[in-house]
Amino acid sequence: MTALMPDVNRVGCPSRVILEHVTSRWGVLVLAALLDRSYRFSELRRHIEGVSEKMLAQTLQALERDGFVHRVAQPVIPPRVDYSLTPLGTEAATHVQALTHWVESKVPEVFQAREEYDARV
Numbered sequence: 001m002t003a004l005m006p007d008v009n010r011v012g013c014p015s016r017v018i019l020e021h022v023t024s025r026w027g028v029l030v031l032a033a034l035l036d037r038s039y040r041f042s043e044l045r046r047h048i049e050g051v052s053e054k055m056l057a058q059t060l061q062a063l064e065r066d067g068f069v070h071r072v073a074q075p076v077i078p079p080r081v082d083y084s085l086t087p088l089g090t091e092a093a094t095h096v097q098a099l100t101h102w103v104e105s106k107v108p109e110v111f112q113a114r115e116e117y118d119a120r121v
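Per our numbering: the sequence shown = residues 1 to 121.
Hint data in this document are derived by calculation from the structure and do not stem from the laboratory. Built from N, CA and C at the ideal position, the CB exists for glycine as well.
Have a look at the derived ranges for each label pair, beta carbon to beta carbon:
| # | residue 1 | residue 2 | range |
| --- | --- | --- | --- |
| 1 | 121 | 74 | 49 to 59 Å |
| 2 | 5 | 43 | 33 to 43 Å |
| 3 | 79 | 104 | 33 to 43 Å |
| 4 | 7 | 75 | 37 to 47 Å |
| 5 | 115 | 19 | 23 to 33 Å |
| 6 | 114 | 78 | 39 to 49 Å |
| 7 | 13 | 61 | 17 to 27 Å |
| 8 | 78 | 25 | 25 to 35 Å |
| 9 | 75 | 113 | 49 to 59 Å |
| 10 | 121 | 36 | 34 to 44 Å |
| 11 | 53 | 19 | 18 to 28 Å |
| 12 | 79 | 110 | 35 to 45 Å |
| 13 | 98 | 17 | 19 to 29 Å |
Taking the hints into account, I'd like the entire structure generated from these sequences.
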């Protein structure tokens, strides 16, 4: 049997789902935050402004399932759960962080392009 070569442009390519998890609205922010340090759930939710508890939980679960995030539940009361990046997660987060830095540096240019577009339309 021939191994399937990943091609993100193909409908059935499994890399599409992984790419969706890494580049989702909250996935990008979770990976970038965890690149700095590990977080407890509530700390991470406060750090990433605007994310709901449900969306953060779903995002962390998807990233954990894909092998990007490591979850450690401490047997204490009250419960303590820490999230950190795996080596694979660190590699992905490094690329994501480079993209976020690039986007942040290009905000003025994007705003200018939007103004020019809106003036034409």
